[in-house]
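Model the placement of chains A, R, B, Y and E on the given structure of chain L, informed by the hints.
Next come the chains, spelled out residue by residue.
Number of protein chains: 6
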Amino acid sequence: MPTIMVEGPPMDIERKRELVKRLSEAAAEVYGIRHITVLIRENPPENVGLGGKLLADRKKGSSGSSSR
Amino acid sequence: MPTIMVEGPPMDIERKRELVKRLSEAAAEVYGIRHITVLIRENPPENVGLGGKLLADRKKGSSGSSSR
Amino acid sequence: MPTIMVEGPPMDIERKRELVKRLSEAAAEVYGIRHITVLIRENPPENVGLGGKLLADRKKGSSGSSSR
Amino acid sequence: MPTIMVEGPPMDIERKRELVKRLSEAAAEVYGIRHITVLIRENPPENVGLGGKLLADRKKGSSGSSSR
Amino acid sequence: MPTIMVEGPPMDIERKRELVKRLSEAAAEVYGIRHITVLIRENPPENVGLGGKLLADRKKGSSGSSSR
Amino acid sequence: MPTIMVEGPPMDIERKRELVKRLSEAAAEVYGIRHITVLIRENPPENVGLGGKLLADRKKGSSGSSSR
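For the protein sequence lines, the chains are L, A, R, B, Y and E, in the order given.
Numbering of the first sequence is given in the working numbering, commencing with residue 40 and proceeding in unit increments.
Numbering of the second sequence is given in the working numbering, commencing with residue 40 and proceeding in unit increments.
Numbering of the third sequence is given in the working numbering, commencing with residue 40 and proceeding in unit increments.
Numbering of the fourth sequence is given in the working numbering, commencing with residue 40 and proceeding in unit increments.
Numbering of the fifth sequence is given in the working numbering, commencing with residue 40 and proceeding in unit increments.
Numbering of the sixth sequence is given in the working numbering, commencing with residue 40 and proceeding in unit increments.
There could be a bad hint or two in this list.
No copy is singled out in the list; a pair is fine if it fits within one copy or between any two copies.
Each computed EDC-like pair below joins lysine to aspartate or glutamate, with the alpha-carbon atoms no more than 20 angstroms apart [claimed, not checked]:
| id | residue 1 | residue 2 |
| --- | --- | --- |
| 1 | Lys99 | Glu68 |
| 2 | Lys99 | Glu85 |
| 3 | Lys92 | Glu81 |
| 4 | Lys99 | Asp51 |
If you're looking for bench data, these hints aren't it; they were derived computationally from the structure.
One chain only, chain L, in its complex shape (with noise of 0.2 angstroms):
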């Protein structure tokens, strides 16, 4: 059974690849079941809220925090 479901930006498919391979791992592992799913959502700025304030409107005003 054990599903993973990850909410974070949008990524390109190499890293998604290693995100599954990394995740995956780890659970299974720790679980002792190698039948591990994982679902990746990929969030666009604008439909992310941080703080009262949408990632999108963030993003213009700065230059940039990296801790998100």
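Using the frame of chain L, we list chains A, R, B, Y and E on its own:
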């Protein structure tokens, strides 16, 4: 931590901005935590079922009910 | 209240219509509540991982397993 | 893959058994995939809000509406 | 339809009542739809990870950071 | 932002600690973002359906399959 996921119909960025602002304020006050994350999910009417029918089909057939 | 979220592959509207109808009937009978909401989520194969690999990569490499 | 998450009120194991059987059959037929996972979530009435009120409070105040 | 799922720490019923009231009001106004459903999920600190550590362990080790 | 939700069976705190550590490391490296939130959900076997049957019933009937 608190994370709010909102499942609703598609909406423009002005309304997303307002939704994030208002939900975050409400949650921040009740939890006493300022770091609120909001994820807005926009569900097209052909991906939503209400009472056994697709919202896309209900809209075509009716002249609009306001209480979905 | 009951809300059913279905995570699966992309599908055409005919199948969505059928899925909503059948899931809603089943849930309505078991819960004894008619107001069932269904949210269908369509996951592209490059956003799904099974056993450590992207579904998009598994499809290319194999001649198709029917039990995913 | 298909995974069905059901958000509803608490229920006994007989009804869970029936719910899983019926939802899985429906999804398996529509998707053409037999490996359906179902996760049942039981939400206590004090954790559910409808129209701005806790379900726990609505129940106390009314003599019961059957259409939640 | 709109459904709001809130992932946060455990809380008492007074705060749940307030949270549901405020989130529902905000969503109802922005969406122009009164039928808002809210599901509150209470996550115990041993089931939440922040920056690689369980919240349960962070609480023990520190004298409390207020911005989680 | 990235938030990881893990649906699995109940587990002890040692394994939760390990799971959070490993999933967070993997996600932090792939996303290049250190602030990873993990939510662990523990699903009792009577709330999980696989292939139309409750996990609670499958366990009783079989002498254990290791690949769930």
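Going through the hints against the structure:
For the identical chains of this complex, Lys99 and Glu68 are neighbours neither inside a copy (41 angstroms) nor across copies (25 angstroms), given an alpha-carbon limit of 20 angstroms. Taking the closest pair of Cα atoms, Lys99 and Glu85 come within 20 angstroms of each other only inside a single copy of the chain (11 angstroms); across copies the shortest separation is 29 angstroms, beyond that limit. With identical chains, the CA atoms of Lys92 and Glu81 are at most 20 angstroms apart both within one copy (18 angstroms) and between copies (18 angstroms). Taking the shortest alpha-carbon separations for Lys99 and Asp51, only the inter-copy value of 18 angstroms comes in at or below 20 angstroms, while the best intra-copy value is 22 angstroms.
Checked against the numbered hints above, the structure violates only hint 1.
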